[in-house]
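Okay, here's what each chain looks like letter by letter:
Protein chains: 2
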Amino acid sequence: MAETKSSKKKSIEVLTDLGEGIYSQIIKGENPYFTLPTRGISNIKYSEEKRMVTLGEGLSRRYFLNVGHVRKFIQTVAMAALSKELIESGKHTSLRSAFYQIRRTIPGTKIDVVDDQIETNKAIEDLEVITDLTREQLNINANKAGAVAGEVIVEDRNDIIDWSKMGSGGWAIPSNVEDLAFKKVDAKFVIYMEKQTIWDRLNEDKAWKKLGCVIIASQGQATRGIRRLLQRLYQEHDLPVYILTDFDPWGFYIYSAIKFGSIALAHAAEKLALPEARFMGLLADDIERYGLKRHLIKFKEVDQSRLQQMKKYDWFKNNKDWTAEFEKMEKLNAKVELDAFTAKGLSFMTEQYLPDKIKEKKFLD
Amino acid sequence: MAETKSSKKKSIEVLTDLGEGIYSQIIKGENPYFTLPTRGISNIKYSEEKRMVTLGEGLSRRYFLNVGHVRKFIQTVAMAALSKELIESGKHTSLRSAFYQIRRTIPGTKIDVVDDQIETNKAIEDLEVITDLTREQLNINANKAGAVAGEVIVEDRNDIIDWSKMGSGGWAIPSNVEDLAFKKVDAKFVIYMEKQTIWDRLNEDKAWKKLGCVIIASQGQATRGIRRLLQRLYQEHDLPVYILTDFDPWGFYIYSAIKFGSIALAHAAEKLALPEARFMGLLADDIERYGLKRHLIKFKEVDQSRLQQMKKYDWFKNNKDWTAEFEKMEKLNAKVELDAFTAKGLSFMTEQYLPDKIKEKKFLD
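Going line by line, the protein sequences match chains Z and L.
To convert, count from 1 in the first sequence and add 1338; that's the numbering used here.
To convert, count from 1 in the second sequence and add 1338; that's the numbering used here.
If you are wondering where the hints come from, they were derived from the structure by calculation, not from laboratory data.
Model, not experiment: these values are computed from the prediction.
Glycine is no exception: its CB is placed at the ideal position from the N, C-alpha and C atoms.
Treat each hint with caution, since some may be false.
What the hints assert, rightly or not - Pair ranges (Cβ atoms, derived):
#1 L:Pro1613 <-> Z:Ser1344: 52 to 60 Å
#2 Z:Glu1574 <-> L:Lys1348: 42 to 50 Å
#3 L:Lys1544 <-> Z:Asp1703: 55 to 63 Å
So here's chain Z without its partners, still in its complex pose (with noise of 0.2 Å):
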């Protein structure tokens, strides 16, 4: 869903809520908290019915009048009041600029209501999962990466934008794709590639034209603002959504990331997961069928040890075809780029390899 003006009117009054429970607390002379989910690792686990690494049940208290919290009870109000400001004035901020704004000495005292960026994070994290915002429906965008082609038109800040029409560049993916309202999507889906240099070629190519679908890349790990983007372009427009990797840990790990979530995200898992995204990156029959053996590349052992720990992850262990992908890694063990595609032609990944797996859907889940 767009921010709409309904949007920004429904953050503004999760937050008015907010501080009004607070004030109500205060006037009745209890002592003011509010409840929260816990965030530690314990509190978080892959979940089978949604398909995400999630918060659990466990759910915290945190009062004014506790010496421990007060200090996070603080910052958490004082990062509301900052976004309900951000949002109100049509502005937003990053982490870090954040962290300067709520930074500030408390009148009277010689305290500072933050020393470091990384209580401001914790503040803002505690404020998503307290109002199940995101950080970005919060005005704090993340940090920007990646481009993006394909048959799309889109709005935002009243500009009116052609994905189809961005040269070699492409559109810059903004940090906060909240904004965006879609005009016009001739796509029949979406490739999330790991690397610029292949999102180039193929855009060089214009696949994106040829199999009418959108193509987005960052650099490794998709930012949050790609995340989103992916995940709208799925739930809004139903496209499925495919991700191109090379075939080792690093690049299974980045399929990982966007599909089930992780960890350090597990608290926006539902704004930021896609469970519904299928790899289509290179698997090991890949490499015979296409002749790619002379381009293997042996592993490091930190190769193989990322591959041990990846095999171990709940949502990998139980499924018989990822679980057979890893163990003819292993025993190959080695990786293959799909750079090296260009070996046999510098457009053979659009020409073949991608109609290929979209013909015979071979896909891993």
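Keeping the supplied structure of chain Z fixed, place chain L upon it in accordance with the hints.
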């Protein structure tokens, strides 16, 4: 100069000449060779005249019939052939893909043309200095990153792209800007900044419109695509280029690398360095003036030692202004981030700091 048809033609001519030169040496029964500048550290120096880190006068010859040279000779010739193919077909590749494209076993032997990307990277650098063409002109692209906004219209791959209508994302800067044609440039100067979050802030304020400038950011060091874009905006449209970074040795180094180049890029200095760039980032005096003292961040040892290295650079050590700045920083033993301005209001940079700098022309050179 844009890569027009004539520049494409020129590249092909240069590569053809190279091939014909070798061919005629063979016909005459000579030992084929080419001459190229030595790229070892002993031949890299700061040129006072050019104001950049560049290669000295040292030359060396690389022979085909020389056991120590033959491998590199063949790799460079293979890369020249690949480049010619790329230019003729209008396609681009990456460093990584170029490696896979060159990789093959010499028929009738068990010898591979290349074993490792390090070899093809070197061959590409060789080709750059032999032909006086950049990687980009040889159709071998670097990684892309970064975004741009401003009152500029370009044509790229037949798309007309208006940098003032790119919403919150901006146009993603391509890895290769040789092909860009500027259709309209309505700006008085360019600001390159080291942080995407600062760019986001300025873009949200439409600072580029208010100040009449182009704003560009990647994350940290500028990519090759961005360097060339800055250079083209300066050389073809007379736009002064200002570098906006934190008050810290790392920010100063980002400025230094854009302006004077670096050891790693010495062989391409004249295509990438921009001696006319000026520093509009935070200076010691700004800390006092804008009341940023409470936001000083104490140096770690690594910051102080980076500063000490920087003081010794040939291009800084005889520069009074920079020497004074380094001394103030050393004494403060602390850095300040641009983000700290948000403590004074989210739009402080757009409304106060940048207009002050521009009005007072307070740029270090």
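Report task. Can you let me know if the beta-carbon spacing of L:Lys1544 and Z:Asp1703 is within 55 to 63 Å? Result -> 44 Å, violated
Report task. Go ahead and decide if the range 42 to 50 Å is satisfied by the Cβ distance of Z:Glu1574 to L:Lys1348. Result -> 49 Å, holds
Query raised in the report: Do the beta carbons of L:Pro1613 and Z:Ser1344 sit within 52 to 60 Å of each other?
Result: With Cβ atoms ~53 Å apart, the hint holds.
The structure fails hint 3 only (numbered hints given earlier).
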